[in-house]
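S.K.: Sequence:
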Amino acid sequence: MLTRAEQTFIERLRVGRLATADKNCAPHVVPVCFVYRVKNLYVAIDEKPKVGSPMALKRLRNIRENPQVAVVFDEY
Numbered sequence: 423m424l425t426r427a428e429q430t431f432i433e434r435l436r437v438g439r440l441a442t443a444d445k446n447c448a449p450h451v452v453p454v455c456f457v458y459r460v461k462n463l464y465v466a467i468d469e470k471p472k473v474g475s476p477m478a479l480k481r482l483r484n485i486r487e488n489p490q491v492a493v494v495f496d497e498y
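Every letter in the sequence shown is one number past the one before it in the numbering used here, and letter 26, counting from 1, is 448.
Because the hints were derived from the structure by calculation, they are not lab data. Nothing here was measured: the structure is a model prediction, and the numbers come from that model. Just so it is clear, CB atoms sit at the ideal spot from N, CA and C, and this is done for glycine as well. A hint or two may mislead.
As the list claims (entries may be wrong) - The calculated SDA-like cross-link candidates involving lysine to any residue, where the alpha carbons are at most 20 Å apart (straight line), are:
hint : residue 1 : residue 2
1    : Lys480    : Val452
2    : Lys445    : Val491
3    : Lys461    : Asp496
4    : Lys480    : Val454
5    : Lys461    : Met423
6    : Lys445    : Ala492
7    : Lys445    : Ile485
8    : Lys461    : Glu428
9    : Lys480    : Cys455
10   : Lys461    : Gly438
11   : Lys461    : Ala427
Unchecked claim - Restraint-style ranges between C-beta atoms, simulated for each label pair:
hint : residue 1 : residue 2 : range
12   : Arg439    : Arg459    : 25 to 35 Å
13   : Arg426    : Asn446    : 32 to 42 Å
14   : Ile432    : Ile467    : 14 to 24 Å
15   : Pro453    : Gln490    : 25 to 35 Å
16   : Ala466    : Thr430    : 19 to 29 Å
17   : Met423    : Tyr464    : 12 to 22 Å
18   : Asn462    : Ala427    : 17 to 27 Å
Please model the complete structure; the sequences and the hints are all you need to start from.
M.R.: Following this line, the structure appears as structure tokens:
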């Protein structure tokens, strides 16, 4: 559980780094835009052109294979 101070910090940010790992534990880190609301973190699948289906994105494949993820929030 996050403290109220941690929640407030995250709620005012919009960019983080999502770390996933595939079934072989190979790491994959990507910058993501997100919204944090009511103890849930929502990550956007943006409208930039993709090679293939957005559901085939490596981060989504990794989450299906290994649902343990981490998010890093930076304050500049």
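S.K.: For every hint, state whether the structure bears it out.
M.R.: Evaluation of the provided hints:
Annotation: proposed proximity of Lys480 to Val452 holds, straight-line Cα distance about 10 Å (limit 20 Å). Only pairs whose Cα atoms come within 20 Å are accepted, and Lys445 paired with Val491 is accepted, the gap being roughly 12 Å. With a C-alpha separation of about 19 Å, the suggested pair Lys461 and Asp496 falls inside the 20 Å cut-off, and the hint holds. Simply put, Lys480 and Val454 have alpha-carbon atoms about 13 Å apart, close enough for the 20 Å limit, and the pair holds.
A threshold of 20 Å between alpha carbons decides the hint, and for Lys461 with Met423 the separation of about 9 Å falls inside it, so the pair holds. For the hint pairing Lys445 with Ala492, the CA-to-CA distance comes to about 15 Å; that is within 20 Å, so the pair holds. For the given pair, Lys445 sits about 9 Å from Ile485 by alpha-carbon distance, which is consistent with the 20 Å threshold. Between Lys461 and Glu428 the CA atoms are separated by roughly 11 Å; this keeps the pair inside 20 Å, and the hint holds.
Restraint check for Lys480 and Cys455: the C-alpha separation of about 16 Å stays at or below 20 Å, so the hint holds. Among the hinted pairs, Lys461 with Gly438 is consistent with the structure: their alpha-carbon atoms are about 16 Å apart, no more than 20 Å. This hinted pair checks out: Lys461 and Ala427 have alpha carbons roughly 13 Å apart, not beyond 20 Å. Range check, Arg439 to Arg459: about 20 Å between beta-carbon atoms, so the 25 to 35 Å window is missed.
Here the CB-CB span from Arg426 to Asn446 is close to 38 Å, well matched to the stated 32 to 42 Å. Between Ile432 and Ile467 the CB atoms are about 20 Å apart, so this pair conforms to the stated range of 14 to 24 Å. Between Pro453 and Gln490 the CB atoms are about 19 Å apart, so this pair departs from the stated range of 25 to 35 Å. Between Ala466 and Thr430 the C-beta distance comes to about 21 Å, which sits within the given range of 19 to 29 Å.
Range check, Met423 to Tyr464: Cβ separation about 18 Å, and the 12 to 22 Å hint holds. A beta carbon spacing of about 18 Å between Asn462 and Ala427 agrees with the range 17 to 27 Å that was offered as a hint.
The structure does not agree with the numbered hints 12 and 15 stated previously, though it agrees with the rest.
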